[in-house]
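Trainee: The listed protein sequences correspond, in order, to chains W and Y. Residue 493 in our numbering sits at position 493 of the first sequence, with consecutive numbering throughout. Residue 172 in our numbering sits at position 172 of the second sequence, with consecutive numbering throughout.
Derived by calculation from the structure, the hints in this document are not laboratory data. It is possible that part of the hints are untrue.
[Unchecked claim] In silico lysine-lysine, BS3-like type, Cα no more than 27 Å apart, as pairs:
| hint | chain 1 | residue 1 | chain 2 | residue 2 |
| --- | --- | --- | --- | --- |
| 1 | W | K481 | Y | K510 |
| 2 | Y | K312 | W | K446 |
| 3 | Y | K510 | Y | K242 |
| 4 | Y | K218 | Y | K263 |
| 5 | Y | K233 | Y | K56 |
| 6 | W | K63 | Y | K446 |
There are 2 protein chains.
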Amino acid sequence: MSNAHERVRHEGLRSKIMTADQAAEFIHDGMTVGISGFTGAGYPKALPTAIANRAKQVHADGKSFGINMLTGASTAPECDGVLAEAGAIKFRSPFQSDPTLRNSINAGNTEYQDMHLSHVEQQIRQGFYGEMQVAIIEATGITEDGKIIPSMGIGNNNEILKVAKQVIIEVNVAQNTKLEGMHDIQFDIGTPPNRQPIQIIEPFDRIGTPYLECDLDKIVAIVITDGGDRNSKFAKPDDTSKRIAAQIIDFFSHEVKAGRLPKNLLPLQSGVGNVANAVLAGLLDAPFEDLTGYTEVLQDGMLDLVIAGKMKTASATALSFSPDALQRFNDNIEFLRDKLILRPMEFTNNPEVIRRLGVIGMNAMIEADIYGNVNSTHIMGTKMMNGIGGSGDFTRNAFFSFFVSPSTAKDGKISAIVPMVSHHDHTEHDVMFIVTEQGMADLRGKSPKQRAKLIIENCSHPDYRDMLRDYYDHAEALSAKTGGVHTPHILTEALSWHQRFVETGDMRIK
Amino acid sequence: MSNAHERVRHEGLRSKIMTADQAAEFIHDGMTVGISGFTGAGYPKALPTAIANRAKQVHADGKSFGINMLTGASTAPECDGVLAEAGAIKFRSPFQSDPTLRNSINAGNTEYQDMHLSHVEQQIRQGFYGEMQVAIIEATGITEDGKIIPSMGIGNNNEILKVAKQVIIEVNVAQNTKLEGMHDIQFDIGTPPNRQPIQIIEPFDRIGTPYLECDLDKIVAIVITDGGDRNSKFAKPDDTSKRIAAQIIDFFSHEVKAGRLPKNLLPLQSGVGNVANAVLAGLLDAPFEDLTGYTEVLQDGMLDLVIAGKMKTASATALSFSPDALQRFNDNIEFLRDKLILRPMEFTNNPEVIRRLGVIGMNAMIEADIYGNVNSTHIMGTKMMNGIGGSGDFTRNAFFSFFVSPSTAKDGKISAIVPMVSHHDHTEHDVMFIVTEQGMADLRGKSPKQRAKLIIENCSHPDYRDMLRDYYDHAEALSAKTGGVHTPHILTEALSWHQRFVETGDMRIK
Chain W
1 MSNAHERVRH EGLRSKIMTA DQAAEFIHDG MTVGISGFTG AGYPKALPTA IANRAKQVHA
61 DGKSFGINML TGASTAPECD GVLAEAGAIK FRSPFQSDPT LRNSINAGNT EYQDMHLSHV
121 EQQIRQGFYG EMQVAIIEAT GITEDGKIIP SMGIGNNNEI LKVAKQVIIE VNVAQNTKLE
181 GMHDIQFDIG TPPNRQPIQI IEPFDRIGTP YLECDLDKIV AIVITDGGDR NSKFAKPDDT
241 SKRIAAQIID FFSHEVKAGR LPKNLLPLQS GVGNVANAVL AGLLDAPFED LTGYTEVLQD
301 GMLDLVIAGK MKTASATALS FSPDALQRFN DNIEFLRDKL ILRPMEFTNN PEVIRRLGVI
361 GMNAMIEADI YGNVNSTHIM GTKMMNGIGG SGDFTRNAFF SFFVSPSTAK DGKISAIVPM
421 VSHHDHTEHD VMFIVTEQGM ADLRGKSPKQ RAKLIIENCS HPDYRDMLRD YYDHAEALSA
481 KTGGVHTPHI LTEALSWHQR FVETGDMRIK
Chain Y
1 MSNAHERVRH EGLRSKIMTA DQAAEFIHDG MTVGISGFTG AGYPKALPTA IANRAKQVHA
61 DGKSFGINML TGASTAPECD GVLAEAGAIK FRSPFQSDPT LRNSINAGNT EYQDMHLSHV
121 EQQIRQGFYG EMQVAIIEAT GITEDGKIIP SMGIGNNNEI LKVAKQVIIE VNVAQNTKLE
181 GMHDIQFDIG TPPNRQPIQI IEPFDRIGTP YLECDLDKIV AIVITDGGDR NSKFAKPDDT
241 SKRIAAQIID FFSHEVKAGR LPKNLLPLQS GVGNVANAVL AGLLDAPFED LTGYTEVLQD
301 GMLDLVIAGK MKTASATALS FSPDALQRFN DNIEFLRDKL ILRPMEFTNN PEVIRRLGVI
361 GMNAMIEADI YGNVNSTHIM GTKMMNGIGG SGDFTRNAFF SFFVSPSTAK DGKISAIVPM
421 VSHHDHTEHD VMFIVTEQGM ADLRGKSPKQ RAKLIIENCS HPDYRDMLRD YYDHAEALSA
481 KTGGVHTPHI LTEALSWHQR FVETGDMRIK
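All chains should be built: construct the whole structure from the sequences, respecting the hints.
Mentor: Encoded structure:
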């Protein structure tokens, strides 16, 4: 435990060190629990399993045991996964991506609220979720004076440490001690009407301290762990992703040439996933220097831009790397320490800062419709995938907002361009660009009818293009009869592609 | 013309005074024209008719004449109306509400882009709409040094004066000269990456000057007019509106008592329309003092709160009154001058300021669905009503966001609560409260299934409640089969209520 000794530098707090099983005793049925973790980074490694075991025991006695769980974003199998598997999550918010938890949500066993990430911290503070009994936070260490050194993600840790009645800290000795100093946390953003402007004027501005803080008397347990983050692998960019990336990069070049975009572009935001990662990978070979990043989760693509010297600084709330990229991060941490900054998600995703900086938002989607509405969350209208995450925070406030997807999924059986999306996460008022490997549709300054033509002709897969043209033409003719040609639709067919897939496993007409 | 002489105090500019017909000669086919006007206030009174006449002449010669028209928001019959009637509006953005223009949009003759108001100015500045050839601005007068005294609305005048190549000013002698000094205009908010925080910390903070400015060489014409604004009448609050208002006010009382809301509440935003107006009227008799307003259009209800001393200050981008309220405004203008402030809509609707202040947003809706998605714009999915206006700017950033509507329309033939909205303007991620005369649904911290039960039981009209329960129950059972019980839907029936209305004129099953 000498390592533990070095990590928990506050003498008094060392007496709180205990096993995860002991710490799990603080968690009871019906509690609202704030848990650290953002996109598979910085989640507690031991407590969730201990709580899950406790839940199973309680359930075996025929009693109820479930928590209301608020995280930063997605965690991992050993956090969301084990708790969902034990049937211990009654309510969950905001973003998630664990298959077991997803099944629990889609089976109706977990109530899930899918929220914009920028809203979560302030709504916890404002009491919208009621009292929070316990916060469980992963840390890299604790300083002599009891300040908490965050690990690979911050998410909403700052807020849940403040509002929770009791705090459990997992000190993970596997996290690099050189993370200390890379975070920037403004302790209190205030509650209306007592708020001041957020003083982030440049993406890398530091406005707080590198530490999280809480009333030390609230810390009831410290658990020492030694485990890696989720570290999911990325797919190597394929042709589809590369074609999507190339179009976005061409557009940037065009805008720089026209003088409408600075030579170093504007701060880049990139959502999770392979396609978004491919766009960043494409920038490695693009003629732009001194790039900046202002994003929520920093993944392999952005890391490599910084290491390559193409991006000078990047701000995020979490570092979520593949195993290889984690190695590159640790190998280069001295170089990276003054170039990467981690903030609470209330700051990374704040509309004030995003709009001021003029962030370029690039997010993946499940499907778009011919009018530019985007579905980021639901499969066939009813089944939750992961959640909206920060895509809405960025889309609504970005200088440019892109939604990217291959034009088809499931070997061509699903079209990413449909007559009407089966769930609306981003509306026609918000979406500026749709990009597939087929092409790009620039929706700015266009009416729904003008957008429909662009999206069908530029973005849809040839297998579906005639079907979409046919839908649009019939919709226009029908809507003309009822005097509603602003957004032509056939109400009885708008969702028929999804219904056909549910019935036949293919959106195409046989 | 002595009155004109007093209003145009800059000597050199007097030489630019001409008739509207003469000024209309500056407008040509295909031009992008910025026109002042916001919710029937501050729009040009003479030029539109002159341009419409010109369009008719050109059309009579078998030639094309149409403009791309960008306003603040809706104007009036003698602006949007006459131009639409002449077939002279090719493209229009953002908000509109004139019946003739609406028909032109729904007939497919005018391309209309329905935009969040907070986006319009910055997207004009960023060049998203291309070049703007002419700005036509109503003013109360012009100062000795050529500064423009705005009239009853600002909208996007600040921006279009800057970017337009030529400027035409209508000086309206019917506007009260005491409006001078009531406006607050920050000349330049900057373009990313060169932007600073907006220094509005309190709703009434002044951060600019009371005048609009432009390069005087760009002013090609000044037209003197003498006409009132639209000044539509409000319906007197009826029982339905009063019941909606009472519930919101009760909720405020409850939150103040619980210590979650200051005694003087938070800055109030109210959308247009009779129900929103009724909520404000209800506050006249409520136990709250020292209220503040931070809204986009200030109508009768808010005016009366200020006159009654219940509201200490109110910020807006336009004053849109009924004829009676206009009289009260003019009678009390000395008292009101330091209590009302008019700003560019980029400031009234800015997400940075709205979120910082913690505005309470209250907006009307056309329909909501059982999961809390809201349609603010479309009738039966295809036909444009007025547009989203600023409802999205406020909803997404408000401390509390309410959507209000009577539970039925058209003598009960339309339910305002439906299985799935036929158009999505505000998503389940954004909407916090739905209020009808039947009751209120507090959607905060709830999953879609939990929301559905609340909305059906609390908000729907009894005539439709069993139908909604039936839809939900069947949707849940069906979705369970496909493993998608997060947001239960029946894809083949989700829009069937609208289809039934289109076919039979009634959403109810006969």
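Trainee: Are the hints correct? Go through all of them and say.
Mentor: Taking the hints in turn, this is what the structure says about them:
{"no.": "1", "hint": "W:K481 to Y:K510", "result": "holds, 24 Å"}
{"no.": "2", "hint": "Y:K312 to W:K446", "result": "violated, 41 Å"}
{"no.": "3", "hint": "Y:K510 to Y:K242", "result": "violated, 31 Å"}
{"no.": "4", "hint": "Y:K218 to Y:K263", "result": "violated, 50 Å"}
{"no.": "5", "hint": "Y:K233 to Y:K56", "result": "violated, 31 Å"}
{"no.": "6", "hint": "W:K63 to Y:K446", "result": "holds, 24 Å"}
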